[in-house]
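A.B. asks: Here is what each chain is made of, one letter per residue.
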Amino acid sequence: MLNYVMRRGFMALLVALTVSFGTFALFHFATDPAQTIAGEDAPQEMVDDIREQYGFDRPLSAQYFSWLGGVLRGDFGESFFWKQPVVELIKDHVGVTVTLALSSLSVTMLIALPLGIGAALRPNSWMDRFALSTAVSAQAIPNFWLGLMLIILFAVTFPIFPVSGDATWRHFVMPAFVLGASSVPAVMRLTRTGLLDVLASDYIRTARAKGFIGYRLVLQQALRNAMLPIVSVLAVQLGYKLGGSVVTESVFSMNGLGRLAVESIFNSDIPTVQSLILIFVMTFVVLTLAADLINAWLDPRIRMG
Amino acid sequence: MKTRYSVQIGARIAILLAAIGLTVPATAGQSDDTLVVALAKPLTTVDRLYSVQREGLIVSRLTDDGLFFVDPDTLEFVPLAAESYEWVTDTELDVTLRDGIAFHDGSTLTAEDVVYTFEWVLNEDSDTSRGPVIRSWLESVEKTGPLEVRFNLKLPYPMALRDMAVSIPLRKKGTYSDGGPDSGGQVLNGIGPYRVTDFSAGRDIVLERFGDYYEASPKVNPAIANIKFRVIADQGTQQAELLSGGIDLMMGVAPDVADNVQYLPNVARLEGNDIRIGYITLDAAGFSDPDTPFTNRKVRRAVNHAINREEITKYLMRGSAEVVDFACHPRQFGCNGEGPRYEFDPEKARKLLTEAGYPDGFSFKLWAYREKIIAEAIVSDLREVGLDVDLRFVKLNVFSKVRNDKDMEAFFASYGSGGTADASASTGVHFAANSARNYTGDEALAKRVLAAEQTINPDRRKRLYREALNRIADQAYWVPMFSYSQNYLLSPELEFPVPKDGVPRLWQASWRE
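Residue numbers (my numbering), protein chains in the order written: chain A, 1 to 305; chain B, 1 to 513.
Hints are computed from structural coordinates only; laboratory data are not their basis.
All C-beta atoms in this analysis are idealised placements derived from N, C-alpha and C, irrespective of residue type, glycine included.
Check each hint, because a few of them may be wrong.
Over 12 Å on every C-beta distance to chain A, these chain B residues come out as not near it, computed from the model [to be verified]:
{"id": "1", "residue": "Arg54"}
{"id": "2", "residue": "Thr175"}
{"id": "3", "residue": "Gly236"}
{"id": "4", "residue": "Arg297"}
{"id": "5", "residue": "Ser320"}
{"id": "6", "residue": "Ile373"}
{"id": "7", "residue": "Asn404"}
{"id": "8", "residue": "Arg512"}
With a straight-line cut-off of 25 Å between C-alpha atoms, the simulated DSS-like cross-links for lysine-lysine are [claimed, not checked]:
{"id": "9", "chain 1": "A", "residue 1": "Lys83", "chain 2": "B", "residue 2": "Lys41"}
{"id": "10", "chain 1": "A", "residue 1": "Lys91", "chain 2": "B", "residue 2": "Lys447"}
{"id": "11", "chain 1": "A", "residue 1": "Lys83", "chain 2": "B", "residue 2": "Lys395"}
{"id": "12", "chain 1": "A", "residue 1": "Lys83", "chain 2": "B", "residue 2": "Lys143"}
{"id": "13", "chain 1": "A", "residue 1": "Lys83", "chain 2": "B", "residue 2": "Lys173"}
{"id": "14", "chain 1": "A", "residue 1": "Lys83", "chain 2": "B", "residue 2": "Lys172"}
{"id": "15", "chain 1": "B", "residue 1": "Lys143", "chain 2": "B", "residue 2": "Lys172"}
FRET-style restraints, in silico, Cβ to Cβ [to be verified]:
{"id": "16", "chain 1": "B", "residue 1": "Asn260", "chain 2": "A", "residue 2": "Ile141", "range": "17 to 25 Å"}
{"id": "17", "chain 1": "B", "residue 1": "Ala254", "chain 2": "A", "residue 2": "Arg122", "range": "47 to 55 Å"}
{"id": "18", "chain 1": "B", "residue 1": "Asp345", "chain 2": "A", "residue 2": "Ile160", "range": "53 to 61 Å"}
{"id": "19", "chain 1": "B", "residue 1": "Arg512", "chain 2": "A", "residue 2": "Asp48", "range": "45 to 53 Å"}
{"id": "20", "chain 1": "B", "residue 1": "Asn152", "chain 2": "A", "residue 2": "Gln53", "range": "19 to 27 Å"}
{"id": "21", "chain 1": "A", "residue 1": "Ala30", "chain 2": "B", "residue 2": "Asp388", "range": "36 to 44 Å"}
{"id": "22", "chain 1": "B", "residue 1": "Asp405", "chain 2": "A", "residue 2": "Gln53", "range": "19 to 27 Å"}
{"id": "23", "chain 1": "A", "residue 1": "Val236", "chain 2": "B", "residue 2": "Asp405", "range": "52 to 60 Å"}
{"id": "24", "chain 1": "B", "residue 1": "Ala254", "chain 2": "A", "residue 2": "Leu219", "range": "36 to 44 Å"}
In isolation and in its complexed conformation, chain B is listed as follows (with noise of 0.2 Å):
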């Protein structure tokens, strides 16, 4: 009797639950040809020329083109709404644009355009997150053809071709007529094979490919119908909803975090190169302190070789990330230092010391925001030769508040270059006399940097670069610590090229068959 009455409770539930139809349909995935991609922080805008975010820029990677594209095989500048280019002068550049290109609105892509994104861009009024760089180098944009530009430089700048691959997409003529973009609801109007179809600030962004997208560009026949992105913060959530089909691929994972869940069912892992490094900065200068020990060469040299550089980057980073020598990423042009390299030993970090003047160390304080786990092996490492660190690990907000007031003895930070393959894209972010970053003083490397990047001859910034490094190298301004590993988790259902660079490429993905 009470088995009977068991049964029936149990199938009166059931039926309850079919009813209510409380199953969870699938969003994600092959059946519905619909790329559901997480991203950690949400996005407040679509249009590239006003956000600086990473994820920005991988979603405007399928929404826009530039004239120029970064290829993803040889990460080199070719040429993508560009059908060809020319150097006049060192500060003139003739661009011949291909015919035919549509944007999302049925409109064709013309000179007037290309022009009018770029003198919207030097309006200071226009306040693009892009402006202040821009300006920097463009003198002005002329039309010399229905399909011909000419850009006037203020000066000669070798990644001119680079800022127009990553910075500037274009834009049809009177996009902005009524100001800046609206970052509720936009609709974008781009020549990116995804054209957007919803978009609300910090939620979700639907994309679907693009029928009239141009036969000519790298860019042509994207496999998946529809992207998705959905705006996750928690990876443990994102995580879940891998798992449960609700999202088919995370970026970003941590490498222990990709070591457990990959053994799941309905989980891979992808992992790959990214041109991000990590690296520690000691206040040679002696902003934070005139009387701090890292103004003593001797004292930033100890540092360099007590730090187990190998061991860190093998056991804790792991993956594809490899130990660099200098201060760039060895995947980018002019990163070809020969300067001195500080192999790990803790004797010689010793010895060092007490020919500074510290036998038996001195206490600092080590500022970080990412990788705890790294700024505890470097503290670690420290200690051993007998420096006493105080480790203040805060939030980023907080460090480049910090940092940027010239208060930090020494701080382990990363950087990403925009995912550029150029030296100029880290030199001169950190050494350059104006940077909030630069905690050298020291004038002539500045200037060396400034060279550089207003160098358009190839040998010659590859001669400025190697003498900078080697300054950065011999004077030991900083700690190189690593290239970072990229870890994706995705469904298995789904082929994706990892990227060279750190920025995925989503057109490039596929559904396996």
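Just chain A, with the same shape it has in the complex (with noise of 0.2 Å):
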């Protein structure tokens, strides 16, 4: 097992440095930071200034190097934008951000699980016809219209939840809905196939023919086995959520890494998307891992191999 972590994580820093070469590289063929940090009506003196303080005039592999040197140090570097360290700014917003996402996925495990379950118990029945169709409607609703229609519905119309911003628990109830209903459709199918499959195989007849019934059945036998292929999901579902909240954070104004992210590409912010990319990397790979471990848990057969 130790073999195969350590393996995951040579791969992923392999891929997480690729990346930010990549992205470095691209964010200096394409833009010009000097001038948008600048500003776009800046003057040529002001540009030139800039390109010389930040080091935009020496070569880009000296820049790229010197950036991940400062990194395998644990120092980030300094935020071009914000002029401040990133790992401040990163700290910042990461609070946002794993709240949401942990929020999001609570709203996604309480509508998707138990629909799931209810359409896996009673196939071709209302209740699943009605958990498909909600799982379509939640596929087919984009983010941001699902989120303007809530600002509309529970905070213009009836002023139940600020628009926007970050500071109460109360504005994250409708981003964290936007968020958890996108991935719903995906762990609501799951559940049910997973649970259908499991619920038609032999070991739980002979558990009902022990005398299991109910929900003592499907919670305690059934569900255990049904949830491998769940945890993997939600552990990506996860990923998304703590990566790439952009739509939502932008939407509801939140300050979280996912509108940092952007803000920080529309402003050729270097050192910033750097360390983002690396972190959200990092992040996949870390739950994609913890979600192996955890099948591994539930199942022993995994863990032997």
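Fit chain to chain and form the complex, with the hints in mind.
C.D. replies: Structural data, given as structure tokens:
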């Protein structure tokens, strides 16, 4: 298992380095960071001064390895745009994203798991049709549209929740629902099909014969095995939410990592973008690894190899 | 029975909602005397010396004063913290300060503070955003009395008062003793009519009226006690905040959005002028390709004739936008060109293209980064005269890179001149020899523009700008398009004079009785 973890870690590092160099090179070939930092209407003297001040006139490789050297020493550099250490910037924004990701994952689980279980227990019933049509609707509705509709309904027409910001728990209700709803179809369908498969298996038939019935049978016997693919999907979904809640954070004007990433890209804030990409890549790898370990814990056959 | 059950459930839900207090308290408006303004872009600092953003300029007009001031009515540069000034020679400016101006920390402004501020900007290690420009014309500053200061210029520079008014807020001596400003949570010590009470980079900025603001200032006694800026990038979200009472004012609204939203309840609309102009630059020097057809003056003139600027301005820009004929805003000092004007005439455009050797037109890429609808209208007009235009609509950071690399045959862009009502703010940036925006390759023009920037005499400046603008028009280096119109959506409770230069002065805002 240790070898497996180390191998995955090494691959993750390789992927992260490749992506970070690609991002760095793309930024320099496609944009002029000095002009972007100076601003749209800046005079030439200011642009030239910034180019020299930030070292953009140095060779590309020197700039990249200087950044990488800093990262290896635990120094992610200073944001060109915000003029503060990237680590501080990330610390400042990560709380919002983690809160949003976890609350939206809770929304997903609270909606998708009961719907999936209900649909699997009564296939082709009204419950099943309701669950499937909910999944289809959730898949068809774009995040930003659902966000705007919720804002119009619950913030403008009936002012129950605030439109934007992240100061209180109220600010998280609508974005968590929007972000959580987007993952419902995948998790609901997996729960339904996984549970249907398990419920049709021999050991469930044996369990029924031994007297296990109803929710005891489902929760204690069937769900544990049906959870394997669901755990993997939830891990990936959590990764998306941690790294890619860009639209939701923008619509609800929340100061999370997604919005920070977008602003940094538009401002050619290379140290911040590279650090965020490194973090997003590592988050995915750690989460998928964690999902594998949980699956191994849930299913002894995986542990056995 | 069923009905009674529903009523019970409904009542319980209502009680529950009331109990947990889910209704959102109003955060903006007259009731708590707090004006809440939406900012589309985050501010990294409230210190104008370290900010180049337009949002920073809007905030600094509340928190800071410079020696001079842009008069909102005339757009001229007049004394503010300065009581009077005198040009001793073309390169020596004496300034006398007003007595009894207080900083937000209670200390009093002295000549030493003024000297400190300018010396800090001149110091290369200070890394202020203003340094490169100020260092290009200012040699030194010296105290000549308790309230008297002399500025020694490197060369005659008529825009010195502008730079002092727009770019250099005054700072207390020793403000930056431990280096530059800390962008996170700094407290700004300015002399403006509002003081910063809370700021975190990228989030809210909270200001309160400064009680000891000096009586002699034209900005004295602002009507509203508190101003709060909220960073809301998405315009749809800003609209929702305005409708729900979360904000009182949104700026820079697109005309079509303003047209629709203004009819909703609790929304008023204002629109007015802006110094910003839109234009198309053509690669007359052949930087992007030595063989580009745009090196031919007839082709450039054909492009000028092919675009229906009147209709684009009237139907797409709308509001108070106007067609401009020269490379400056008509309200700017020195914007007095007389050279050729190019009326919309597709037939003439086709004839000129034929004469230039392109009877079947040619293909080229038009780059743009804002007002896509305008760029598409331009493309449509150019296609009508046989030009095969490929629109490259990109983000600003990509646009800047390609433009600065001199890799564009033609681009549609805009320039706001920092709200400065002087032609130097536009022509210098676009036609100076060292400018990445200069696609003319015209050295004589660059020399004339530089001469205008280094001349104090107003009449001579006007003459030099007239010559430069006529040359630009004659050679058709640009297609000057239009001036912009600013749209504001605001709470009907709010009164707010529309600025003439596109830079809102929120100290003039008040609540309706």
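A.B. asks: If a hint holds in the structure, say so; if it does not, say that too.
C.D. replies: For each hint, the structure was consulted:
no.: 1; hint: Arg54; verdict: violated, 8 Å
no.: 2; hint: Thr175; verdict: holds, 16 Å
no.: 3; hint: Gly236; verdict: violated, 6 Å
no.: 4; hint: Arg297; verdict: holds, 26 Å
no.: 5; hint: Ser320; verdict: holds, 21 Å
no.: 6; hint: Ile373; verdict: holds, 19 Å
no.: 7; hint: Asn404; verdict: violated, 5 Å
no.: 8; hint: Arg512; verdict: holds, 22 Å
no.: 9; hint: Lys83(A) / Lys41(B); verdict: holds, 16 Å
no.: 10; hint: Lys91(A) / Lys447(B); verdict: violated, 51 Å
no.: 11; hint: Lys83(A) / Lys395(B); verdict: holds, 22 Å
no.: 12; hint: Lys83(A) / Lys143(B); verdict: violated, 33 Å
no.: 13; hint: Lys83(A) / Lys173(B); verdict: holds, 23 Å
no.: 14; hint: Lys83(A) / Lys172(B); verdict: holds, 22 Å
no.: 15; hint: Lys143(B) / Lys172(B); verdict: holds, 15 Å
no.: 16; hint: Asn260(B) / Ile141(A): 17 to 25 Å; verdict: holds, 23 Å
no.: 17; hint: Ala254(B) / Arg122(A): 47 to 55 Å; verdict: holds, 51 Å
no.: 18; hint: Asp345(B) / Ile160(A): 53 to 61 Å; verdict: holds, 59 Å
no.: 19; hint: Arg512(B) / Asp48(A): 45 to 53 Å; verdict: holds, 48 Å
no.: 20; hint: Asn152(B) / Gln53(A): 19 to 27 Å; verdict: holds, 26 Å
no.: 21; hint: Ala30(A) / Asp388(B): 36 to 44 Å; verdict: violated, 25 Å
no.: 22; hint: Asp405(B) / Gln53(A): 19 to 27 Å; verdict: holds, 20 Å
no.: 23; hint: Val236(A) / Asp405(B): 52 to 60 Å; verdict: violated, 40 Å
no.: 24; hint: Ala254(B) / Leu219(A): 36 to 44 Å; verdict: violated, 54 Å
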